[in-house]
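Participant: Chains as they are written, first to last, in the numbering used here: chain A, 1 to 485; chain B, 1001 to 1499.
Be a bit skeptical, because a hint or two may be false.
To be verified - Now the stretches of chain B that chain A is said to cover, found in silico as 3 or more residues with beta-carbon under 8 Å: (1) 1137-1150; (2) 1276-1282; (3) 1384-1394.
Said to hold, decoys possible - Partial list, derived from the structure: chain B residues whose beta carbon lies under 8 Å from chain A: (4) P1043; (5) L1046; (6) G1047; (7) V1054; (8) F1086; (9) H1210; (10) P1211; (11) A1213; (12) I1285.
As the list claims (entries may be wrong) - Anything over 12 Å on all C-beta distances counts as not near chain B; from chain A, calculated: (13) S210; (14) L304; (15) G326; (16) A353; (17) H448; (18) L471.
Hints are computed from structural coordinates only; laboratory data are not their basis. Glycine residues also receive a C-beta, built at the ideal position from the N, C-alpha and C atoms.
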Amino acid sequence: MADALHTLSAAELGRRLAAGSLTSRALCEALIARFDAVNEKVGAFTHLDRADVLAQADASDARRQAGQGRGPLEGIPVAIKDNIAVQGQPLTCSSKMLASLVSPYDSHVADRLRAAGAILYGRLNMDEFAMGSSTENSAVRKTFNPWDLTRIPGGSSGGSAAALAAGLVPLSLGSDTGGSIRQPASHCGVVGLKPTYGLISRFGLVAFASSLDQIGPMARSIEDCELLLAALASADARDMTCFGPDERALTSAGEAKKLRIGIPKGFLGKGVAPEVAAAVEAAIAFYRAQGCTVSEVELPSADLAVPTYYVVATAEASSNLGRYDGVRYGHRSAQAATPVEMMTHSRSEGFGAEVKRRILLGTFVLSAGYADAYYNRALRARAKIRAEYLAALSQVDVLLTPTVPTPAFKVGEKASDPLQLYLEDIFTIPANLAGLPALSVPCGQSGHLPVGFHLVGAPLSEAKLLAAGRLFEAAHGFAHQQAAL
Amino acid sequence: MSSSAEWEVVIGLEVHVQLHTRAKVFASSSWGFGQEPNEQVDPVVLGLPGTLPVVNREAVEKSILFGLVVGAEIPARCAWDRKNYFYPDNPKNYQLTQKDFPVVIGGSVEIELPGPSRNVMGEHKRVRIHHAHLEEDVGKLSHAGSGSLVDYNRAGVPLLEIVTEPDLRSSAEAEAFLRSLVAMLTQAGVADCDMEKGQLRCDCNVSIRHPGAPLGTRTETKNLNSISSVRDTVIYETARQIRELEAGRAITQETRGWNAELGRGYVLRDKEDAHDYRYFPDPDIPTLELSRATVERLAKQVPENLYDRQRRYMDTLGLPFTAASVLVANRELAEWFEAAVAAHPANPQGLANLVANDLLRDLAAASGAPTGFEEAAPAPVSLASCPIKPAQLAGLVKLTDDGVISKQQAKEVFAEMFKSGQDAAAIVDAKGLRQNSDTGELEKIVQEVIADPAVAKSIAEYRAGNEKAINALKGPIMKRTQGKANPGLIDQLLRKALG
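Model the full assembly from the supplied sequences, consistent with the hints where possible.
Facilitator: Below you can see the structure in the form of structure tokens.
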């Protein structure tokens, strides 16, 4: 039943491939057929090189035949957000600025996936340069939520989440700067992990805000998410912020039923949709019933997270995006008489409105005379938020909140109100500011729209978060759910 | 009319030095001079999306070594900041530099001013270093026809920016400082400082004041690529500022350029147009710990200070200033000389003369390079291909000191050694140059010569008090011994024989 392959988990596909009852070529052909049937509707992918995919699949099958299979991901397609470099594939960041760019090199995660035998499968749509929470800021195309095609999939890794929910691919990579993996995971009913800052090399991830960005695995089940995480996490001398071999050991998962769960005070209050609050409260009740201790914790500086984030992230972005000037690669304006004019016009033409807004904001907060009031103050607030989170996480194992206050909104609904859109990330931002691992787990629905809860743990506590997620998932059957398309 | 004697010039320098490293400062690309444009680049150097900087350990160690050479403090840690500005030669449109936590803090450089004459040592002075920070160089933009071209080979080359305190008080001091700095950098292997290749560039801050008054408003002349340009800029800028102030105008704090061909400066931009670089800590490079073990290891690589060595040569070895200063200008030459002294400690002066004059001259001629302590400071010769070994030179001087050959013959033997690389003794024997110092044999020849009536007139003149007349007797003696007679011994024997 080739047409059912798109519904299977990566783990199950791996078992079939290992047993010889499935080839990577058959799997990839089935997924390409699914792509042809569904991608136009969902808009998750911006690029798929079918011939390249099939060549990779054949190479994988040949390795397996020769007894040289490379592990549990051998032959399994992984789709990649279009801000992560794969040699020979487009690296557009869904921006007009980089529309013509083909990466001449592999990111560390691409290296790792190749080493694991995975198929590097297509490029996924995103908000331009990962700036946004709806994927509406893509200059390439719109992506729609597979559960309701009139709604946004979340963002910025909207393509990564929608591709999973639409059965286009079993595994995907996203990147998360303020919630860009977890928020679309929540909106699309899939699992998304933002690892501890430094666990996965950023080499080859196009920088938005370097001190916040992390690549992370996305999947339709906790088990699949773990499989992908294991392949990605390794030391890399090309990223000085990536943990070395001696620093990266994960805390052991322990027993999920004995977890101490902290509920940040006030997080389920104002601004959280009643159905979201109800789903999350049900999850809390579940954990309590399993034997977990649940207690309230104070995070008094939590209110500072969103403004702090929009100062730190935009400051770094204003500098990180300086390199797009039309001189070496990317969009070059034809309307220029001098090199400096060319740079100016190329940037004016190549960037979209949200990217320009953040570059301007970031430039302002770093300017002489304002840096102390904004950037330096934000760094102090960030340190305070981190300290409070670490203190709370010395009392409890995980912090549990909704991932997003409300379910996915309609396409265009918040397009004219960036500040309202910024609040989508209110629960997810602190993990980035504090460098902590965080996981979004599907936990029910608001009407027909998925809802997720959010777990944050101490540095390197990924195994605990995943164990907690697995406990919930096993009891609720949200794993592997796909929208009917 | 006021005279400039009432004014004191105050100078501070920012010296950008390309460090001698195999790879670029934040990328694995190699670098060097004379490659085709854009050959020495990689995704990191070009600032391709997704690339990240990784600090080159060698560049940090060379920076620390510089700090140790000038007696600076090496802090426990250093960090990098981003300096944001747009220009096509700047691949990321920010430069990684160290604004708040530089790798080197403080220290000082001893300088030597020109003496009243070439043979007399000038005054020494210390110039304080404020700090030195490690940053990346940018590419080169050139204009061709209607377009512009960028070469990124230089982008990412490690640059150590050495910032002095405003301790310099004349163009001569600025010149002396740069010469001294270049010598120290090259002798420690920190940098090659080849100004022709743009490996050392200077920004020159100049202000004037009446002695004792607070510092005046300064101007900064950027991107000077030779010591003479710095000297000329100081002279020009001092005169200009004096002219301005004496005409009742104020000095504007401005950034200036220098046109070396016309010998004049010009305004680049004034304070209002100053860039806002929006510095902030680079989030890609964590604060770097500078381990004490590394600092201790590097301390062992610090060579003897140029002027400590010069003092030692003059005070302990008894060398004249001229020879000492020529030798110490080139560490390799000095170490070569010291190896020769070790092999023949009795006559450092004799060795120094041969090294500083004959050897240096022949080496320079062999390599086609000019000799001496020129603009580029160290004598640009290499001892690597020197055909003579230090112990061999020591052998030559010992033969002279022992009277086996004359000083005149020593020159001839030296030339042969430089050609063939043979030992002095072997050449002396092969050429039959060994002096005849056999007193008995020579006495016999002396008696024969003075008995010859052909010299009777000379003998009479000598006896009558004409000292020089004795020389006429020496020729025939030399002839009979085929020139091998020890000239001193002949003189002695002749005088004795003639009473």
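Participant: So, B/L1046 near chain A? Judge it on the closest CB pair being under 8 Å.
Facilitator: holds (6 Å)
Participant: Just to be careful: measuring from the Cβ of B/F1086 to every Cβ in chain A, is the smallest value less than 8 Å?
Facilitator: holds (6 Å)
Participant: Classify the hint on B/V1054 as holds or violated, based on whether any CB of chain A lies nearer than 8 Å to its CB.
Facilitator: Holds - the Cβ of B/V1054 comes within 8 Å of chain A, reaching about 6 Å at its closest.
Participant: Taking a Cβ-to-Cβ distance below 8 Å as contact, does the region 1384-1394 of chain B have at least three residues touching chain A?
Facilitator: Result for this restraint: violated, n = 0.
Participant: Double-check B/H1210 for me: the hint is only fine if its C-beta lies closer than 8 Å to a C-beta in chain A.
Facilitator: violated (33 Å)
Participant: Using Cβ atoms only, decide whether B/I1285 comes closer than 8 Å to chain A, and label the hint accordingly.
Facilitator: Holds - the Cβ of B/I1285 comes within 8 Å of chain A, reaching about 6 Å at its closest.
Participant: State whether the coverage of the region 1276-1282 of chain B by chain A holds or is violated, taking the criterion as 3 or more residues with Cβ-Cβ distances under 8 Å.
Facilitator: Contact hint for the region 1276-1282 of chain B vs chain A: holds, 4 residues under 8 Å.
Participant: How about B/P1211: closest beta carbon in chain A under 8 Å, or not?
Facilitator: violated (35 Å)
Participant: Non-interface claim for A/S210: all C-beta distances to chain B beyond 12 Å?
Facilitator: violated (4 Å)
Participant: Under 8 Å, Cβ to Cβ, is where B/G1047 needs to be relative to chain A, so tell me if that hint holds or is violated.
Facilitator: holds (5 Å)
Participant: Verify that the Cβ of A/A353 lies farther than 12 Å from every Cβ atom of chain B, and report whether the claim holds or is violated.
Facilitator: A/A353 clear of chain B: closest Cβ-Cβ about 20 Å, beyond 12 Å.
Participant: Are there at least three residues in the region 1137-1150 of chain B whose beta carbon sits under 8 Å from a beta carbon of chain A?
Facilitator: holds (count 3)
The structure fails hints 3, 9, 10, 11, 13, 15 (numbered hints given earlier, in ascending order).
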